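Residue numbers (our numbering), protein chains in the order written: chain A, 1 to 268; chain B, 1 to 268.
The set of hints was computed from the structure by calculation and includes no laboratory data.
These numbers were taken from a predicted model, which means no experiment stands behind them.
Built from N, CA and C at the ideal position, the CB exists for glycine as well.
Check the hints yourself; a few may be wrong.
[Unchecked claim] Pairs of lysine-lysine, DSSO-like flavour, derived with a Cα cap of 30 Å:
1) Lys42/A with Lys55/A
2) Lys224/B with Lys126/A
3) Lys64/A with Lys126/B
4) Lys126/B with Lys220/A
5) Lys87/B with Lys177/B
6) Lys61/A with Lys121/B
7) Lys72/B with Lys225/B
8) Lys220/A with Lys64/A
9) Lys55/B with Lys42/B
10) Lys55/B with Lys149/A
11) Lys121/A with Lys223/B
12) Lys121/B with Lys64/A
13) Lys225/A with Lys64/B
14) Lys223/A with Lys121/B
15) Lys126/A with Lys64/B
16) Lys225/B with Lys121/A
17) Lys126/B with Lys61/A
18) Lys220/B with Lys18/A
19) Lys121/A with Lys49/A
20) Lys92/B with Lys18/B
21) Lys126/A with Lys225/B
22) Lys220/B with Lys121/A
[Stated by the list, open to error] Simulated coverage check for chain B against chain A, where a stretch passes if three residues somewhere in it have a Cβ under 8 Å from a Cβ of chain A:
23) 196-203
24) 227-238
[What the hints assert, rightly or not] Selected chain B positions facing chain A (Cβ under 7 Å, derived; list incomplete):
25) Leu157
26) Ala161
27) Ile191
28) Gln192
29) His243
Here is what each chain is made of, one letter per residue.
2 protein chains.
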Amino acid sequence: MPSDPLEAYEDLQDVFSKDVKGEANQNLIGEVYRASCQFLAKADSQPLKSLVSGKEYIAFKFGKRLSRAVNKQLFAAEPKEWGVFCKAIASKREPGMESERITRIIYSVAASFFCFIDLTKDGDQKTPGTFFEYLIGHLFAWRLDVNPKTRLPVLNLDMEATLPTDFVFDLGPNRAKFHLPIKVSTRERVIQVWAHQRVLDGVYGTGRFLGTPVILTETKTDKKKREVIEICLPDQWRIYQMHIAQLKRITTSTCRLPTRGSMTFSLR
Amino acid sequence: MPSDPLEAYEDLQDVFSKDVKGEANQNLIGEVYRASCQFLAKADSQPLKSLVSGKEYIAFKFGKRLSRAVNKQLFAAEPKEWGVFCKAIASKREPGMESERITRIIYSVAASFFCFIDLTKDGDQKTPGTFFEYLIGHLFAWRLDVNPKTRLPVLNLDMEATLPTDFVFDLGPNRAKFHLPIKVSTRERVIQVWAHQRVLDGVYGTGRFLGTPVILTETKTDKKKREVIEICLPDQWRIYQMHIAQLKRITTSTCRLPTRGSMTFSLR
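Extracted from the complex, chain A is given alone in its bound form (with noise of 0.2 Å):
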């Protein structure tokens, strides 16, 4: 078993998209998850000054690097509790557990590798990006047993071509289809979810594609300051939701925001 986090990320790598659903890529996320916690033990964690109403954050200090914010409540690092969540979703894929508890597991399981890479390298977003694509697609996969795509062939008159996609999965002939993007942050680039839906609704029709995007958080930290501050904007996802694509679920551990319309908001 690796215990360099990256090494087993690796693993993953090479992997992860033969059986996106398959128990490889379950076993290696815990292994990412068990590396990443033994790092952070070598480090030392310190409180953020924290503008988000009812959050408290920390971060994660090794040498002269500060990782990013992690949301407190839902931090553990307790690789342990991967191999529960596995074994109770091992047979009938829908978890015995309470909610918060799974939401915990999986909030752990990101945070941990991401403020490990905060820690070790410098400026790498793609990374943190891509295993949190593994961790939330697996899951899916896995939930709906069924293997994603990221490409769909576009037929019209004269024109042949094939669309690049976030994860959409195809559950078969008049059963569901997800549009599943899966975004560490969005900030200002959140339009793209709307976009890429309003695309699928325009080629396949709209309503064949549910578009369920996954959004950890829409934080930003001052690290001069050490303040954590919340950076969605409920309001222009509103206009984005009337004016060009509707989306059926978004789930964020971030935004506060009522359920409206057609749009439910993951309190997560």
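Given the coordinates of chain A, assemble chain B onto it according to the supplied hints.
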């Protein structure tokens, strides 16, 4: 007169939005160009291997750093040309100059500063992007004799919000309104341009804003192999044009695309 391009750029940054179309901006852009050319005179230029048919590329080298790819035919380090251009547009706003010469001047102003940044900073994409917005934004504003806005009010029943936008130019009641996204390079983020157009169409009515994005180039340089490739995906652009919104005209130095339907590609 500052001989440090960054100092001239910071002066521009201080005054730019006070009067986007103002002559002060024109002079400061000239300063940035002059100082950048002075800097590049100390650097080497090296040929790159072009995989783009009909185009040659070079890169500047300074110490261990290599700049981005520069289109050899379009680039000239001739700060005096900016003065000639400014004189030509001083009285009648439409210069009596060949369009090839204008293109070369504007391209050189942008590219010289970009290369200066590439050779003196690590991974700074923001400064070139903002400078390019200043350059093209000023020229449009000068030409239209109106300053742009970057925020529009949205009034919709119980909602009252403002929408942040790229530059929009409003020529007054019953006259054209332009939506002018300005990007050095977009890659997969190009979909944002159509998405913003869709929001403008939805909020204010289709046809009220003419979408006229300016995208400098869609090339990618493999610094190890010293190769330049084109990364424009015209088939995807067409899908966006069909399914998200209609842009009026895309100005770019990269894609060689036929004119189709309502989309004109300016092949500069």
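Hint check:
{"no.": "1", "hint": "Lys42/A with Lys55/A", "result": "25 Å, holds"}
{"no.": "2", "hint": "Lys224/B with Lys126/A", "result": "20 Å, holds"}
{"no.": "3", "hint": "Lys64/A with Lys126/B", "result": "25 Å, holds"}
{"no.": "4", "hint": "Lys126/B with Lys220/A", "result": "18 Å, holds"}
{"no.": "5", "hint": "Lys87/B with Lys177/B", "result": "27 Å, holds"}
{"no.": "6", "hint": "Lys61/A with Lys121/B", "result": "26 Å, holds"}
{"no.": "7", "hint": "Lys72/B with Lys225/B", "result": "18 Å, holds"}
{"no.": "8", "hint": "Lys220/A with Lys64/A", "result": "20 Å, holds"}
{"no.": "9", "hint": "Lys55/B with Lys42/B", "result": "25 Å, holds"}
{"no.": "10", "hint": "Lys55/B with Lys149/A", "result": "36 Å, violated"}
{"no.": "11", "hint": "Lys121/A with Lys223/B", "result": "21 Å, holds"}
{"no.": "12", "hint": "Lys121/B with Lys64/A", "result": "21 Å, holds"}
{"no.": "13", "hint": "Lys225/A with Lys64/B", "result": "34 Å, violated"}
{"no.": "14", "hint": "Lys223/A with Lys121/B", "result": "21 Å, holds"}
{"no.": "15", "hint": "Lys126/A with Lys64/B", "result": "25 Å, holds"}
{"no.": "16", "hint": "Lys225/B with Lys121/A", "result": "24 Å, holds"}
{"no.": "17", "hint": "Lys126/B with Lys61/A", "result": "27 Å, holds"}
{"no.": "18", "hint": "Lys220/B with Lys18/A", "result": "29 Å, holds"}
{"no.": "19", "hint": "Lys121/A with Lys49/A", "result": "24 Å, holds"}
{"no.": "20", "hint": "Lys92/B with Lys18/B", "result": "23 Å, holds"}
{"no.": "21", "hint": "Lys126/A with Lys225/B", "result": "22 Å, holds"}
{"no.": "22", "hint": "Lys220/B with Lys121/A", "result": "24 Å, holds"}
{"no.": "23", "hint": "196-203", "result": "holds (count 6)"}
{"no.": "24", "hint": "227-238", "result": "holds (count 3)"}
{"no.": "25", "hint": "Leu157", "result": "11 Å, violated"}
{"no.": "26", "hint": "Ala161", "result": "4 Å, holds"}
{"no.": "27", "hint": "Ile191", "result": "5 Å, holds"}
{"no.": "28", "hint": "Gln192", "result": "6 Å, holds"}
{"no.": "29", "hint": "His243", "result": "3 Å, holds"}
Figure legend: structure checked against the earlier numbered hints; hints not met, in rising order: 10, 13, 25.
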